[in-house]
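Just so you know, the protein sequences line up as chains P and Z, in that order.
End of the first sequence = 316 in this note's numbering, gap-free, step of one.
End of the second sequence = 611 in this note's numbering, gap-free, step of one.
Worth flagging that the hints you see were computed from the coordinates, not collected in a lab.
Treat the hints loosely; a few may be bogus.
[Unchecked claim] Distance condition first, Cα-Cα at most 30 Å in a straight line; then the derived DSS-like pairs of lysine-lysine: (1) Lys3(P) to Lys295(P); (2) Lys478(Z) to Lys107(P); (3) Lys307(P) to Lys405(Z); (4) Lys402(Z) to Lys107(P); (5) Lys307(P) to Lys107(P); (6) Lys595(Z) to Lys580(Z); (7) Lys402(Z) to Lys477(Z); (8) Lys206(P) to Lys306(P); (9) Lys375(Z) to Lys433(Z); (10) Lys402(Z) to Lys496(Z); (11) Lys477(Z) to Lys206(P); (12) Lys477(Z) to Lys595(Z); (13) Lys295(P) to Lys402(Z); (14) Lys478(Z) to Lys402(Z); (15) Lys306(P) to Lys405(Z); (16) Lys107(P) to Lys496(Z); (17) Lys496(Z) to Lys483(Z); (18) Lys405(Z) to Lys483(Z); (19) Lys2(P) to Lys306(P); (20) Lys496(Z) to Lys477(Z); (21) Lys477(Z) to Lys405(Z); (22) Lys580(Z) to Lys107(P); (23) Lys107(P) to Lys405(Z); (24) Lys478(Z) to Lys580(Z); (25) Lys3(P) to Lys307(P); (26) Lys107(P) to Lys306(P); (27) Lys496(Z) to Lys478(Z); (28) Lys2(P) to Lys206(P); (29) Lys295(P) to Lys307(P); (30) Lys295(P) to Lys483(Z).
Quick caveat: nothing in here was measured; it's all calculated off a predicted structure.
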Amino acid sequence: MKKEDFLSLLVLIFLVVLLPAISGNTYTLTVGIFSGINALVAIGLCILMGYAGQVSLGQAGFYGIGAYISSVLSLHAGFPVVISIICGMIVAAFAAVILAVPALRLKGHYLAVATLGFGEIIYIILNEWGPGGPSGFGDIPHFGFFGYAIDSTRGYFYLIWGIVAIVMFFSINLIQSRTGRALRAIHDSELACNAMGLNVAGIKIKVFILSAVYASLAGSLYAHYVTFISPSSFSLFYSILVLMMVIVGGMTNLWGAIVGAVVITVLPELLRKFEELDVLVYGLILTLSLLFFRKGLVPILIDRIKKLRGFAVAKH
Amino acid sequence: MLTVFLQFLFSGLTVGAVYALVAIGFNITYNATSIINLAQGEFVVIGGLMMWFFSESLKLPFFVSVALTIVTAGIVGLLMERLTIKPLKNADLLLMIMITIAVSIVLRGILMLSFGKEPYAYPAFTEGEPVNVYGAIIQQQALWVIGITGFCIVVLFLFFKKTMMGKAMLACAVNPTAAKLVGINVSQMVMFSFVLSAIVGAIGGMAITPISLMEYDKGPMLAVKGFCAAIMGGLGSNRGAVLGGFLIGVLESMTAGYIHSGSKDAVALVILLLILFLKPSGLFVSKTMLQLRKF
Chain P
1 MKKEDFLSLL VLIFLVVLLP AISGNTYTLT VGIFSGINAL VAIGLCILMG
51 YAGQVSLGQA GFYGIGAYIS SVLSLHAGFP VVISIICGMI VAAFAAVILA
101 VPALRLKGHY LAVATLGFGE IIYIILNEWG PGGPSGFGDI PHFGFFGYAI
151 DSTRGYFYLI WGIVAIVMFF SINLIQSRTG RALRAIHDSE LACNAMGLNV
201 AGIKIKVFIL SAVYASLAGS LYAHYVTFIS PSSFSLFYSI LVLMMVIVGG
251 MTNLWGAIVG AVVITVLPEL LRKFEELDVL VYGLILTLSL LFFRKGLVPI
301 LIDRIKKLRG FAVAKH
Chain Z
317 MLTVFLQFLF SGLTVGAVYA LVAIGFNITY NATSIINLAQ GEFVVIGGLM
367 MWFFSESLKL PFFVSVALTI VTAGIVGLLM ERLTIKPLKN ADLLLMIMIT
417 IAVSIVLRGI LMLSFGKEPY AYPAFTEGEP VNVYGAIIQQ QALWVIGITG
467 FCIVVLFLFF KKTMMGKAML ACAVNPTAAK LVGINVSQMV MFSFVLSAIV
517 GAIGGMAITP ISLMEYDKGP MLAVKGFCAA IMGGLGSNRG AVLGGFLIGV
567 LESMTAGYIH SGSKDAVALV ILLLILFLKP SGLFVSKTML QLRKF
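So that you can see chain P by itself, here it is in the shape it has in the complex (with noise of 0.2 Å):
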């Protein structure tokens, strides 16, 4: 891990430990939780769309998988909600591997439709054969081990950050691992690749099933929390919503996931009171950043820095 990554670990821990301290209060906290349960999903997306280059538009069908998988075996079959989640997660997986196999040989425009035609189908399968059918269903069971269940928004906070700052931990190990590398390697020229005998097709698959893991494990600490759900929270919608976050916080850097999330969580909050308007906002938002800040929030600060950084050492 790179002295940089590790330092912006500590910082992350630090905010996470402090926020509840400084500002205890619901509202905070739970727009806190929901960032998190964002970055979860849009750091799995970061490693497919900025590392390994492929797009996908059909997060919120994994994250759906995920909620719906683990909600329904804690509740129904009374499963222990940790092994749920897992579950949700081995799901997603499968799905993501059948999904892959035939999605990753195509590129650009089909991959990202056929990724989308995904995330509708898991959306048209909740909503017209799902518990509840399109209003959804409730009574989740708060998460919990060994007999003691997190209701408190406080404790909410700390678990989903925790999971957070571990999954990021797992991610930036991977990235600089012979993994990262050749991805980042796919991602200039799979022609080279291939010839060098990387296993290209093995290699996306295996970062699309990661992906999808994230998702499902989001999607299932939002069952938990919001104890709550139906189909409307894993429409086309959040798919575009995630890509957002990745875009707006800068898809070459992981960290750029995380400040996305939030950036694009908080805003609503912020724009409350223009209420109708929130979606063309969210479009002009992707649109100007799109146009003028190609990089992301994240790598741009970076070369600010380093400038900066260049001028100091150049006044010595």
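Since chain P is already given, all that's left is putting chain Z on it; use the hints.
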């Protein structure tokens, strides 16, 4: 038995006609720029809602409303190209996909703000008794939809075959550099392809609204189904797009009628995935034919 079947068939063909128009819209921009414009569905919604605005809200005469709707859609297409596609020229394909998604969200936002979330409709183009075919009832508007689609296809065919502008657009699709060398204004042609695809989409929207109603968020589903039709027929081929559109419309209405109405939307998506996975070059064309055929 036959009556029911015919009824499903005709309603499938009617919806299919609109999918075909969306697919043709995809093809027009794809051929000129190799971009899939995922905001294509929004053009259809704009067609339906603006037509309602001009004809019902402002009470303008029918033909004036049609003309104004077409102009509005054209302007939207033009603005989209000039403001978002042109500045990103030569960008990554991923970025191009996302910018069209971004534009579609902006359009949806604007439509929701100006029209709200409720569905709109206006009377059929002609009043009169529905036509009876072996017991199946066909609304006159359904005939209009299919007729207008046919008309559009013929006009587009003539446009690309006979007019200088159409040929120039085709040339840009085949080889932009060569087109530039012979004095074609490629940038203008790209802009025009967006205008044209917006107009084609809007015409579909105007025709179908009296039958199926129109609301602000119908765009994405229309885009997915139109894309499915375009893929089915082989991306870039208008003949394939028309066949694909009708086929999807009919399959959808058969599924809704005979199997389960809720899974209607899933049909197109499953077909889409199957085609993408098994034969991405399209059902009706071989790979070599696809390379040779332009329209």
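Check whether the Cα positions of Lys477(Z) and Lys595(Z) lie no farther apart than 30 Å. Given pair Lys477(Z), Lys595(Z) holds - Cα atoms ~29 Å apart, limit 30 Å.
Taking only the CA atoms, is the gap from Lys496(Z) to Lys483(Z) under or equal to 30 Å? 13 Å, holds
Would the pair Lys107(P) and Lys306(P) pass a check requiring their Cα atoms to be no farther apart than 30 Å? 34 Å, violated
Given hint Lys107(P) paired with Lys580(Z) - CA-CA distance at most 30 Å: 27 Å, holds
Take the C-alpha atoms of Lys478(Z) and Lys107(P), compute the straight-line distance between them, and say whether it is at most 30 Å. Distance of about 34 Å is beyond 30 Å: violated.
Would the hint linking Lys478(Z) and Lys580(Z) be met if the CA-CA limit is 30 Å? Not OK: Lys478(Z) and Lys580(Z) at ~40 Å, beyond 30 Å, violated.
For a C-alpha distance cap of 30 Å, please report whether Lys3(P) and Lys295(P) respect it. 22 Å, holds
Lys307(P) and Lys405(Z) were given as a pair; does the straight-line alpha-carbon distance stay at or below 30 Å? 28 Å, holds
Could you grab the alpha-carbon distance between Lys477(Z) and Lys206(P) and see if it respects the 30 Å cut-off? Given pair Lys477(Z), Lys206(P) is violated - Cα atoms ~48 Å apart, limit 30 Å.
Distance restraint between Lys2(P) and Lys306(P), which requires alpha-carbon spacing of 30 Å or less: Distance of about 16 Å is within 30 Å: holds.
Checking one constraint from the list: CA of Lys595(Z) to CA of Lys580(Z), max 30 Å. Satisfied? 23 Å, holds
Verify the proposed pairing of Lys496(Z) with Lys478(Z), using a straight-line Cα cut of 30 Å. Holds - the C-alpha atoms of Lys478(Z) and Lys496(Z) are around 20 Å apart, at most 30 Å.
The structure does not agree with the numbered hints 2, 5, 8, 11, 24, 26, 30 stated previously, though it agrees with the rest.
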